[in-house]
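Protein sequences, first through last, are from chains A and B.
When you line the first sequence up against the numbering used here, it's residues 1 to 799, in that order.
When you line the second sequence up against the numbering used here, it's residues 1 to 224, in that order.
The hints are simulated quantities; they were obtained by calculation from the structure and are not laboratory data.
Be aware that one or more of the hints could be misleading.
Some chain A residues judged to face chain B by a derived CB distance under 8 angstroms, without partners named [claimed, not checked]:
{"id": "1", "residue": "Asn4"}
{"id": "2", "residue": "Leu6"}
{"id": "3", "residue": "Arg321"}
The structure displayed is predicted, hence computed values, not measured ones.
We treat Cβ as the ideally placed atom computed from N, Cα and C, and that holds for glycine.
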Amino acid sequence: MWKNYLKISFRNLRKRKLYTGINLLGLTVALVSFIVISLYINHEWSYDRMYTDYDRIYKINQEFVSNGESQLVPSSPSLLPVTLLEEFSEVENATLIFDLSIFSSVMIDAGEGSQEENHYAMVDEHFFEVFDFDLIAGQKTGILSEPNQLVLTETTAKRYFGSAFNAEGKSMKVDGEEFLITGVMEDFPSNSHLAFDFLASFKTHRHSRNPEWSPSNYYNYVKLKPGTDVAAFEANMAAMVDKYLGADLAQYGYQTAFFTQPVTNIYLGDPTLSVIKPGTDIKYIYIFGLVAILLIAIGIINYVNLATAEATERNKEVGLRKVMGADRVQLFGQFVSESMLLSMGAILISILIIYLVAIPFENFGGVPLDLSLLFTPIGLASLIGLFLAVGLLAGFYPSLILSGMEPMKALGNKLKIGGGAWVRKSLVVFQFFVSMGLLISTFVVKSQLDYMREVNLGYDKEQVVALNYHYNMRESIPTLRDEMIRSGAAVSIARAADMPHDVKAGYKIFPGGDNTREFMITGYAVDPELLNTINLELLAGENYTKSDPVRRDLEENGEMPILLNESAIAEMGWTAEEAIGKKVNVGFTNNALVKGIVKDFYFSSLHQKVGPMVIFNDPEEANVLLIKLASGNPTNNLASLEAIWKKLVPNRPFNPKFLDQEYASLYQSEQKVGLIFGLFSGIAIFIACMGLFGLVSYVALRRTREISIRKVLGATQSDVLKVLSLDFLKLLGVSAVLAIGFGIWFSDSWLDAFANRTAITIWPFVIAILGVMVLAILTIGYRSWKVFRLNPAKTLKSE
Amino acid sequence: MIQLKNLDKFIESRFQRVFILKGINLTIGEGEFLTLMGPSGAGKSTLLNILGLLDEDYEGEYFFGDRSIKSMKERERSSLHKSEFGYIFQAYHLIDELTVYENIETPLLYRNVPSSERKSIIANLMDRFNMVAKKDLFPAQLSGGQQQLVGIARAIAGKPKVLLADEPTGNLHSGQAKEIMEVFQELHREGTTIIQATHARENADFGTRLITMLDGKIETDESI
Numbered sequence: 001m002w003k004n005y006l007k008i009s010f011r012n013l014r015k016r017k018l019y020t021g022i023n024l025l026g027l028t029v030a031l032v033s034f035i036v037i038s039l040y041i042n043h044e045w046s047y048d049r050m051y052t053d054y055d056r057i058y059k060i061n062q063e064f065v066s067n068g069e070s071q072l073v074p075s076s077p078s079l080l081p082v083t084l085l086e087e088f089s090e091v092e093n094a095t096l097i098f099d100l101s102i103f104s105s106v107m108i109d110a111g112e113g114s115q116e117e118n119h120y121a122m123v124d125e126h127f128f129e130v131f132d133f134d135l136i137a138g139q140k141t142g143i144l145s146e147p148n149q150l151v152l153t154e155t156t157a158k159r160y161f162g163s164a165f166n167a168e169g170k171s172m173k174v175d176g177e178e179f180l181i182t183g184v185m186e187d188f189p190s191n192s193h194l195a196f197d198f199l200a201s202f203k204t205h206r207h208s209r210n211p212e213w214s215p216s217n218y219y220n221y222v223k224l225k226p227g228t229d230v231a232a233f234e235a236n237m238a239a240m241v242d243k244y245l246g247a248d249l250a251q252y253g254y255q256t257a258f259f260t261q262p263v264t265n266i267y268l269g270d271p272t273l274s275v276i277k278p279g280t281d282i283k284y285i286y287i288f289g290l291v292a293i294l295l296i297a298i299g300i301i302n303y304v305n306l307a308t309a310e311a312t313e314r315n316k317e318v319g320l321r322k323v324m325g326a327d328r329v330q331l332f333g334q335f336v337s338e339s340m341l342l343s344m345g346a347i348l349i350s351i352l353i354i355y356l357v358a359i360p361f362e363n364f365g366g367v368p369l370d371l372s373l374l375f376t377p378i379g380l381a382s383l384i385g386l387f388l389a390v391g392l393l394a395g396f397y398p399s400l401i402l403s404g405m406e407p408m409k410a411l412g413n414k415l416k417i418g419g420g421a422w423v424r425k426s427l428v429v430f431q432f433f434v435s436m437g438l439l440i441s442t443f444v445v446k447s448q449l450d451y452m453r454e455v456n457l458g459y460d461k462e463q464v465v466a467l468n469y470h471y472n473m474r475e476s477i478p479t480l481r482d483e484m485i486r487s488g489a490a491v492s493i494a495r496a497a498d499m500p501h502d503v504k505a506g507y508k509i510f511p512g513g514d515n516t517r518e519f520m521i522t523g524y525a526v527d528p529e530l531l532n533t534i535n536l537e538l539l540a541g542e543n544y545t546k547s548d549p550v551r552r553d554l555e556e557n558g559e560m561p562i563l564l565n566e567s568a569i570a571e572m573g574w575t576a577e578e579a580i581g582k583k584v585n586v587g588f589t590n591n592a593l594v595k596g597i598v599k600d601f602y603f604s605s606l607h608q609k610v611g612p613m614v615i616f617n618d619p620e621e622a623n624v625l626l627i628k629l630a631s632g633n634p635t636n637n638l639a640s641l642e643a644i645w646k647k648l649v650p651n652r653p654f655n656p657k658f659l660d661q662e663y664a665s666l667y668q669s670e671q672k673v674g675l676i677f678g679l680f681s682g683i684a685i686f687i688a689c690m691g692l693f694g695l696v697s698y699v700a701l702r703r704t705r706e707i708s709i710r711k712v713l714g715a716t717q718s719d720v721l722k723v724l725s726l727d728f729l730k731l732l733g734v735s736a737v738l739a740i741g742f743g744i745w746f747s748d749s750w751l752d753a754f755a756n757r758t759a760i761t762i763w764p765f766v767i768a769i770l771g772v773m774v775l776a777i778l779t780i781g782y783r784s785w786k787v788f789r790l791n792p793a794k795t796l797k798s799e
Numbered sequence: 001m002i003q004l005k006n007l008d009k010f011i012e013s014r015f016q017r018v019f020i021l022k023g024i025n026l027t028i029g030e031g032e033f034l035t036l037m038g039p040s041g042a043g044k045s046t047l048l049n050i051l052g053l054l055d056e057d058y059e060g061e062y063f064f065g066d067r068s069i070k071s072m073k074e075r076e077r078s079s080l081h082k083s084e085f086g087y088i089f090q091a092y093h094l095i096d097e098l099t100v101y102e103n104i105e106t107p108l109l110y111r112n113v114p115s116s117e118r119k120s121i122i123a124n125l126m127d128r129f130n131m132v133a134k135k136d137l138f139p140a141q142l143s144g145g146q147q148q149l150v151g152i153a154r155a156i157a158g159k160p161k162v163l164l165a166d167e168p169t170g171n172l173h174s175g176q177a178k179e180i181m182e183v184f185q186e187l188h189r190e191g192t193t194i195i196q197a198t199h200a201r202e203n204a205d206f207g208t209r210l211i212t213m214l215d216g217k218i219e220t221d222e223s224i
């Protein structure tokens with residue numbers, strides 16, 4: 001029976017080429033998108049699930065509360081894991097990671113000159129017990145338990161030594177210090193939030209001999225014993241805070257607490273707590289999932305619409321089969337087997353296409369697509385499930401209609417499929433609602449991206465490059481600066497702790513003596529040249545001069561001049577003029593003197609409002625060198641700067657990064673969303689327009705006679721277009737109204753995540769809706785033109 | 001075998017009922033070869049459809065054997081329809097997408113006849129109608145007479161007790177028509193009950209009983 005169904009279905013599909021082509025193409029495109037998005041989501045979802053007992057591994061984060069203001073940091077002190085291991089019976093294991101790459105890069109020398117490396121961390125001896133990565137060379141017992149030991153990843157080992165086994169036992173210099181390579185581990189998988197090339201023993205670090213409760217610079221993880229009550233564990237940690245930190249807390253007037261975060265929650269959780277790799281907002285995972293389902297729905301709708309539209313053409317066949325004894329179930333089976341066959345074809349073609357698009361998509365979306373997953377038992381089961389679901393969903397309604405026709409009416413050719421019409425209309429409305437909605441969303445995302453690129457940040461990011469700065473270079477700075485400026489390639493050079501768009505350090509501040517008015521402030525350690533280099537505007541007071549003391553040279557209780565931004569003095573309740581000369585307590589000094597007020601500038605993502613900032617004269621803390629290039633060709637300027645650099649600091653890498661590009665990378669995830677929205681809204685429109693083309697074709701076929709008569713009576717081509725398109729345009733109008741509603745909701749809620757957002761204008765709506773309408777009219781127009789060209793003498797004769 | 005009692009079929013129009021069949025009383029015995037004649041619109045096809053369980057929209061009683069069709073459940077009616085009736089149409093109504101072989105096979109498929117049995121039934125039929133060489137041709141490749149032969153083969157493949165034929169020779173020239181009627185005669189000899197509607201008096205001569213209809217009523221009923 002099934003063989004017979006399939007045979008007939010195959011012949012039917014082959015006979016009706018337009019119908020089959022539209023459905024196959026639509027379903028294939030939808031399935032490719034769906035499978036690719038599913039693989040992407042699967043990858044993001046699988047983060048940090050590869051460790052044994054991952055559900056018992058937690059990261060410990062810290063909360064600081066001061067004057068009712070709470071701040072969450074993803075790090076905690078070095079004494080924490082030690083204490084947890086010793087004093088907490090529920091803790092099975094604990095480990096510490098000190099990610100040096102957030103501070104600066106390291107120089108690695110394996111005997112063939114030094115190279116700059118950015119993925120370097122120190123970990124304690126429990127690292128491999130908690131995160132059970134495999135070692136390719138070396139022994140796990142006792143690994144990284146002594147100072148100056150190093151574990152490389154396989155790729156890194158190959159890079160430096162040709163193979164993993166060659167690397168073991170060799171030594172390398174890290175910033176001049178000698179390390180012994182005691183092991184080579186497998187590469188960190190792409191779906192682990194941990195991503196390093198080098199792991200050095202934390203024992204090397206001086207803090208390891210003397211762990212403390214401050215600073216909170218370390219990523220600490222615990223593995224709890226099975227059945228541990230996490231809330232009770234957090235409560236125990238609160239008791240620990242009282243025991244060890246109670247006195248300090250009372251003195252400085254703030255509270256702190258440690259809290260757990262499941263390891264699987266790091267990548268997809270709160271973005272301010274994601275570490276090592278930037279996380280993905282789980283919201284986007286849901287949105288992409290929804291988009292995937294909508295695309296499939298649009299493809300399925302094409303089938304439903306075309307199959308019901310052409311049901312009238314098949315009524316004779318249905319009637320005959322019924323007369324010959326087919327019951328409804330058997331007919332249903334036959335028609336469903338047609339959609340099943342299409343679904344099967346589409347899925348097979350999709351898999352082929354996915355192999356072609358996987359690499360472009362990886363480059364585009366930045367996520368490796370593991371195609372081998374498709375052929376695991378679960379992958380195959382999912383593909384089969386997808387095939388059945390698409391085939392059934394597409395075939396169900398049309399088969400129901402076709403199999404339900406009454407035989408004598410069907411045979412008599414008197415049948416009109418009336419009931420299907422409104423269903424078909426609603427489905428068309430839905431398709432175009434989704435297409436327009438996606439397109440509006442794309443434009444909204446794009447306008448916010450444009451806004452962020454063009455907004456006045458309060459400093460100049462054009463023609464400014466950043467170079468890594470290392471403490472070792474301090475002797476060379478005056479000469480470097482002089483020569484660079486003298487060469488005419490640079491205008492100004494400044495040292496700073498961070499890039500101006502991403503300043504991290506947090507301090508507490510209060511106006512002289514009054515610690516009840518304490519608040520959190522971002523601290524930016526720079527040298528006096530910074531204001532010039534990135535063109536920060538001074539509202540009152542003066543910039544630092546060379547004669548001002550830097551932090552390191554500060555005498556006990558010596559006066560420390562500082563600069564504050566507008567937000568900081570607003571928080572203090574001062575005007576710019578009042579503020580000058582006021583005393584404040586900030587971080588390390590009780591004797592800071594406000595020397596100048598700078599205009600607010602955006603020193604972190606536009607997701608946040610500009611907060612208070614203090615600018616210290618503290619070049620010792622610098623990690624970057626900011627250079628304002630002279631006007632002229634930047635390539636030439638950089639070439640002359642490189643020559644000077646190579647001469648003066650030959651052991652430091654010269655890899656300039658343009659500030660505006662670095663700034664743009666803050667919004668990578670938004671850009672990705674924008675691109676993916678753009679891509680998939682294009683696909684949605686494509687599939688929907690194809691469906692529209694098919695539907696119009698059937699309508700045109702049914703109305704060929706009518707159109708021919710109209711033509712004989714003198715109708716012009718545009719009259720014919722009007723006749724054919726009016727009904728559809730009404731439907732598109734309904735879609736547009738719905739899409740506008742959706743668009744308003746989307747732009748409001750998406751832009752809500754930005755403290756600094758573009759205004760919603762009418763343009764994204766107008767462009768998206770008009771664009772889709774024009775495409776739809778072109779689609780209908782092409783079809784109506786073809787009908788119009790038919791010779792009425794011929795079409796009417798066949799009556 | 002078949003008994004109709006006071007059977008009416010009408011269309012309810014705005015002011016009055018328009019009767020298509022009125023007061024039909026008819027008994028058909030097993031093995032009869034019955035011909036319905038009458039002008040167009042006399043109700044021949046409607047009566048055939050009702051007899052063949054294709055039309056259930058009528059008033060009055062229809063007994064098949066000793067069971068009332070109206071009292072049957074949908075399932076029973078459907079299985080009765082499958083097992084007892086075969087249909088032949090004026091316009092042949094073969095399925096264009098299927099070959100000769102597959103057209104004949106279709107009713108067997110709907111009756112869940114096992115594959116090997118299907119093959120032997122179809123082989124016998126093709127042999128009987130001399131169509132073995134044409135088994136892989138599509139209907140469009142056959143002449144009208146040949147198509148109607150396939151139609152007959154298809155109709156009797158399920159071994160129905162009753163064969164219903166609506167103008168079986170209406171689209172054929174006289175030579176082909178005669179051939180079809182001879183086939184009917186042969187089937188009749190083998191015991192099949194045949195009810196045909198026709199305009200051609202000469203076709204009635206092949207049968208055993210002739211009923212003429214006019215305006216939805218039976219005018220005459222005679223044995224031949």
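For each hint, the structure was consulted:
1. Asn4: holds (6 angstroms)
2. Leu6: violated (13 angstroms)
3. Arg321: holds (7 angstroms)
In terms of the numbered hints stated before, the structure departs from hint 2 and from no other.
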